[in-house]
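Going line by line, the protein sequences match chains C and B. Using my numbering, you'd call the opening residue of the first sequence number 279 and step up by one each time. Using my numbering, you'd call the opening residue of the second sequence number 279 and step up by one each time.
Note that these hints are calculated values from the structure, not bench results. C-beta: ideal position from N, C-alpha, C; glycine also. You may find that some hints are simply not true.
With the C-beta cut set under 8 Å, the calculated list includes, among others, these residues of chain B facing chain C [stated by the list, open to error]:
#1 R341
#2 D418
#3 W433
#4 H436
#5 G442
#6 D445
#7 S462
#8 A484
#9 A510
#10 Y587
#11 P591
#12 R619
#13 M630
#14 T632
#15 L636
#16 L680
Protein chains: 2
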Amino acid sequence: MRAPALPFDASGLALEDPGPRAATLVARLRLRVLDGRLPAGTRLPTTRALAQALGLSRNTVVRAYEQLLDEGLIASRVGDGSYVAARLPSTAEPAGARGAPASAAPPPDTQVWRQLQAFTPGRTPDGPQRAFRWGSPALDLFPAEVWSRLQARAWRRHEPQSLGYGDPAGLPRLRALLADYLRSARGLHCSADELLITAGAQQAIALAALALLRPGDEAAMEAPGYRAATAALTLAATRVHRVPLDAQGLRPAALAALGPRCRLLYLTPSHQFPTGVSMPLQRRLDLLDWARARQAWILEDDYDSEYRYTGLPLAPMASLDAQRRTLYVGSLSKLLFPGLRLGYLVAPAAWMPTLARLRAVLDRHSACMDQQVLADFIEQGHFLRHLRRMRRAANERRSTLLEAWAQDLTPLGLALPPPDGGLHAFLPLPDARTERALADAAAAAGVEVGPMRQVGGQPDPLGGAGLVLGFAAVPPPQIRDAVRRLAQAWRPCCAADLPCVLRPARSAWRRAEN
Amino acid sequence: MRAPALPFDASGLALEDPGPRAATLVARLRLRVLDGRLPAGTRLPTTRALAQALGLSRNTVVRAYEQLLDEGLIASRVGDGSYVAARLPSTAEPAGARGAPASAAPPPDTQVWRQLQAFTPGRTPDGPQRAFRWGSPALDLFPAEVWSRLQARAWRRHEPQSLGYGDPAGLPRLRALLADYLRSARGLHCSADELLITAGAQQAIALAALALLRPGDEAAMEAPGYRAATAALTLAATRVHRVPLDAQGLRPAALAALGPRCRLLYLTPSHQFPTGVSMPLQRRLDLLDWARARQAWILEDDYDSEYRYTGLPLAPMASLDAQRRTLYVGSLSKLLFPGLRLGYLVAPAAWMPTLARLRAVLDRHSACMDQQVLADFIEQGHFLRHLRRMRRAANERRSTLLEAWAQDLTPLGLALPPPDGGLHAFLPLPDARTERALADAAAAAGVEVGPMRQVGGQPDPLGGAGLVLGFAAVPPPQIRDAVRRLAQAWRPCCAADLPCVLRPARSAWRRAEN
Numbered sequence: 279m280r281a282p283a284l285p286f287d288a289s290g291l292a293l294e295d296p297g298p299r300a301a302t303l304v305a306r307l308r309l310r311v312l313d314g315r316l317p318a319g320t321r322l323p324t325t326r327a328l329a330q331a332l333g334l335s336r337n338t339v340v341r342a343y344e345q346l347l348d349e350g351l352i353a354s355r356v357g358d359g360s361y362v363a364a365r366l367p368s369t370a371e372p373a374g375a376r377g378a379p380a381s382a383a384p385p386p387d388t389q390v391w392r393q394l395q396a397f398t399p400g401r402t403p404d405g406p407q408r409a410f411r412w413g414s415p416a417l418d419l420f421p422a423e424v425w426s427r428l429q430a431r432a433w434r435r436h437e438p439q440s441l442g443y444g445d446p447a448g449l450p451r452l453r454a455l456l457a458d459y460l461r462s463a464r465g466l467h468c469s470a471d472e473l474l475i476t477a478g479a480q481q482a483i484a485l486a487a488l489a490l491l492r493p494g495d496e497a498a499m500e501a502p503g504y505r506a507a508t509a510a511l512t513l514a515a516t517r518v519h520r521v522p523l524d525a526q527g528l529r530p531a532a533l534a535a536l537g538p539r540c541r542l543l544y545l546t547p548s549h550q551f552p553t554g555v556s557m558p559l560q561r562r563l564d565l566l567d568w569a570r571a572r573q574a575w576i577l578e579d580d581y582d583s584e585y586r587y588t589g590l591p592l593a594p595m596a597s598l599d600a601q602r603r604t605l606y607v608g609s610l611s612k613l614l615f616p617g618l619r620l621g622y623l624v625a626p627a628a629w630m631p632t633l634a635r636l637r638a639v640l641d642r643h644s645a646c647m648d649q650q651v652l653a654d655f656i657e658q659g660h661f662l663r664h665l666r667r668m669r670r671a672a673n674e675r676r677s678t679l680l681e682a683w684a685q686d687l688t689p690l691g692l693a694l695p696p697p698d699g700g701l702h703a704f705l706p707l708p709d710a711r712t713e714r715a716l717a718d719a720a721a722a723a724g725v726e727v728g729p730m731r732q733v734g735g736q737p738d739p740l741g742g743a744g745l746v747l748g749f750a751a752v753p754p755p756q757i758r759d760a761v762r763r764l765a766q767a768w769r770p771c772c773a774a775d776l777p778c779v780l781r782p783a784r785s786a787w788r789r790a791e792n
Numbered sequence: 279m280r281a282p283a284l285p286f287d288a289s290g291l292a293l294e295d296p297g298p299r300a301a302t303l304v305a306r307l308r309l310r311v312l313d314g315r316l317p318a319g320t321r322l323p324t325t326r327a328l329a330q331a332l333g334l335s336r337n338t339v340v341r342a343y344e345q346l347l348d349e350g351l352i353a354s355r356v357g358d359g360s361y362v363a364a365r366l367p368s369t370a371e372p373a374g375a376r377g378a379p380a381s382a383a384p385p386p387d388t389q390v391w392r393q394l395q396a397f398t399p400g401r402t403p404d405g406p407q408r409a410f411r412w413g414s415p416a417l418d419l420f421p422a423e424v425w426s427r428l429q430a431r432a433w434r435r436h437e438p439q440s441l442g443y444g445d446p447a448g449l450p451r452l453r454a455l456l457a458d459y460l461r462s463a464r465g466l467h468c469s470a471d472e473l474l475i476t477a478g479a480q481q482a483i484a485l486a487a488l489a490l491l492r493p494g495d496e497a498a499m500e501a502p503g504y505r506a507a508t509a510a511l512t513l514a515a516t517r518v519h520r521v522p523l524d525a526q527g528l529r530p531a532a533l534a535a536l537g538p539r540c541r542l543l544y545l546t547p548s549h550q551f552p553t554g555v556s557m558p559l560q561r562r563l564d565l566l567d568w569a570r571a572r573q574a575w576i577l578e579d580d581y582d583s584e585y586r587y588t589g590l591p592l593a594p595m596a597s598l599d600a601q602r603r604t605l606y607v608g609s610l611s612k613l614l615f616p617g618l619r620l621g622y623l624v625a626p627a628a629w630m631p632t633l634a635r636l637r638a639v640l641d642r643h644s645a646c647m648d649q650q651v652l653a654d655f656i657e658q659g660h661f662l663r664h665l666r667r668m669r670r671a672a673n674e675r676r677s678t679l680l681e682a683w684a685q686d687l688t689p690l691g692l693a694l695p696p697p698d699g700g701l702h703a704f705l706p707l708p709d710a711r712t713e714r715a716l717a718d719a720a721a722a723a724g725v726e727v728g729p730m731r732q733v734g735g736q737p738d739p740l741g742g743a744g745l746v747l748g749f750a751a752v753p754p755p756q757i758r759d760a761v762r763r764l765a766q767a768w769r770p771c772c773a774a775d776l777p778c779v780l781r782p783a784r785s786a787w788r789r790a791e792n
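Next comes chain C alone, as it looks inside the complex (with noise of 0.2 Å):
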């Protein structure tokens, strides 16, 4: 049958899409009508006509005329069939085609924007797995089938509430585990109850941020230091102060030099993060005293700690603190996969309930799915067996890149400090122009290295450089065959007037016993 004319152009009408027909041609009517494609008086197609042309039921047609009555865009006529209404409701403006950046509104002017301009999120590149990558555990060797076999399982005896909203404050049975750990691989006794899960360490610093500090109150942490740590502290500080290190990290009289102001002290007390520096007790416990005096608060950041390869870990400061005074966070991200999202934060008993209501109000809670198999993961075992695994995985990467780097690169001046822990390796450097050159050099070569301004912000004047190496990411032989690239890469720089020639820090922990 000859399709009917019509009296205007129906091409591009057609639904190619399989979705709602009405809806869509609504969605196109509309905005005919309104950018003036179909001027007002318009007469519309009878809807046999219309459905006949454009190959639809006439009742999808029907509907869309309806529609469009109701929204007042086209009037009936007795007897005369349907027009494009003479008087649209006001202001109606065409927006269904994006793109009209002339006249979209410029974006917000707060200070959180601006602020957050200078920020970089970190992000695993795209592509396998490379050496140096930072930040990064040994992800080749997460157990990817018992998780999924365990998945499964949950999947098959789940019961439908448990797909609902849940606890904000975290599956009890998982922050039950988690304090059991605590407990015995760290020595922090904490209860279920003041434990929270947390998207990641990262939720945990923007939590105890939003929480604990008043409008004009002030923050420090050290210089360099973990730079995600400082975006979440500036969502809730009106400064953010950065203390400068020295051999036993963070300098309490730079930090005691700071107004009342400062109220929040975040800090990576077990391995700094980038320089690796291990906190020893008499500097924890001044810290203790700072916060005590001016009534201040510690965030403790305790990632990467079950990592030590050189004496056992120090007590964290949070299990040294009778005042109560110092937040504890921890992350799974470096056990497991950071793609998991799941740390938590330690506080008193008595702010869970508020700390939960912000969880809450910022996201709700951690998915309900995740939570069962990882309390079903630590419950079983295999979180203990895979930890030692991953521990045994460290510490032979960092063997490698050791002897590696000894061999390779030791012998051209560059000397690599043994990591007492952690996943990563600082190699500090005279000053940012040598930190460029040997970064720019090692990319070109295809090794991926952090340089320290990029991964841990400016440090104070006096702080020198370096760039964090993370060892973790891939098996010895690709350690070993990043470091001979790094040695071809860099000895041109070595080989120049670079002073490339570096002492190892002693440890803190190898004091011989008299």
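Put chain B on the given structure of chain C with help from the hints.
The following block gives chain B in isolation, referenced to the frame of chain C:
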């Protein structure tokens, strides 16, 4: 061999758990030194003696003593063994045993802390799904086998690097699929790079508030309204105005009466929460006018919009807004399951890098494997199939509720307005007293209902009262049974002096064509 006599009581030092022995021994000895049970000058047993007494290897005890020596808690006298140090590091306090409430620091005294006391997060009650639980889709129909199979497949095929830190804006493939879905299902034309994956609608609201509001800015939302949104806006707004409704939703005149500091309006125009009113086109355009005139923003929460029973869904405000002052919030909680914690925020592409940074600061990104599985679920057609199944089930459950209600409760004078969309019905009641009486009677009869004051916060003084009844959580037989129980429980209330007769609201979408 007879255990050698020790100079102190070694009971309680024995290590029963299989944890790291040296570390545990260190922790226990440290505690005793710090809390005075091992006073300064006490001579410690030889490493051999203690090892024998505790059944440990001598090496373990040697390591423990070395650690305590490093920490300055014990000292060595040449040829005379080890002693508890005469002068301990200052201010070391025993905090290993938790629960010294008297000395614990008081909770923070911040405005955020105080405001959080007023917020009770909603959560799915423990125990099986029951009528008329609100906020819950038909969880019994979730295709767990399909989801689980896709998860297993994703794990089998995963590359290690996919477990690392991901894109804070979300998995690119998922963003593209959701953008496609919004285009065809909601007529909202947005590209993948205008869509940010969030941890549910809750995080989208929190993100928008934190990004858009400057210190001193105020926000506005409907009253009654979604309380979790109030809490999120309160994170960043000096004040959150509650604006009264009429039969078409939020009243523009009341909004206009707010001062110029009001910069962000949170809205549920498709299906007002909790009353269910759908905002007609003219009212939507009026609010867009307000936003333009005030240089303010609108945050459109389109929860539940996929479920409609009468008429076609109206175009989202975001698609009518040429000025791009409307941000669009969506959630998968009611389509898939709330425990998944996935939603999205649509905003101009130019803003996306900064919004993604803000996400990264708050919690980095959503779990990588969950995003992968969801992308597969959508790509392979399961999502649309599930959507259709959920719509059919919601339709059936709604019809069951309305029929059972007409049979058992309308005769009591309690008429339930049929909801045009969404997963709950709203029973308007004359006053708070009636609301409380009926809610209590329902609870006593084992039926879950949502009192408006609990669910929607304080309405304006003229706002009336009511009960929210979710109808999607359970299959038809349980719905009929719950209605019978309500009829029994409420019969006494309605026989008394409560004015229970209410006329059903006329749906604006059913005006007859002339």
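For each hint, the structure was consulted:
1. About 7 Å separates the beta-carbon of R341/B from the nearest beta-carbon of chain C, less than 8 Å, and the hint is met.
2. A distance limit of 8 Å between C-beta atoms decides the matter here; for D418/B the minimum to chain C is near 5 Å, and the interface restraint holds.
3. Contact between W433/B and chain C, as hinted, is supported at the beta carbon level, the nearest pair being about 4 Å apart and thus within 8 Å.
4. With its C-beta approaching chain C no nearer than about 6 Å, H436/B sits inside the 8 Å limit, and its interface hint holds.
5. Given hint, G442/B at the interface with chain C, holds; its Cβ is 3 Å from that chain's nearest Cβ, closer than 8 Å.
6. With a cut of 8 Å, the hint placing D445/B at the interface with chain C holds, because the nearest CB-to-CB distance is about 6 Å.
7. The interface hint given for S462/B is met, as the beta carbon of that residue sits about 4 Å from the closest beta carbon of chain C, less than 8 Å.
8. Nearest Cβ of chain C to the Cβ of A484/B: about 5 Å, under the 8 Å cut. The hint holds.
9. Taken as an interface hint, A510/B checks out: its beta carbon lies about 5 Å from the nearest beta carbon of chain C, inside 8 Å.
10. Given the 8 Å rule on beta carbons, the hint for Y587/B is violated: about 14 Å separates it from the nearest Cβ of chain C.
11. Interface restraint check for P591/B: the shortest CB-CB distance to chain C comes to about 7 Å, inside 8 Å, so the restraint holds.
12. Given the 8 Å rule on beta carbons, the hint for R619/B holds: about 5 Å separates it from the nearest Cβ of chain C.
13. Given the 8 Å rule on beta carbons, the hint for M630/B is violated: about 10 Å separates it from the nearest Cβ of chain C.
14. The beta carbon of T632/B is positioned within 8 Å of a beta carbon in chain C (closest approach about 5 Å), and the interface hint is therefore held.
15. The interface hint given for L636/B is met, as the beta carbon of that residue sits about 6 Å from the closest beta carbon of chain C, less than 8 Å.
16. A distance limit of 8 Å between C-beta atoms decides the matter here; for L680/B the minimum to chain C is near 22 Å, and the interface restraint is violated.
Hints 10, 13, 16 from the earlier list are contradicted by this structure; the remaining hints agree with it.
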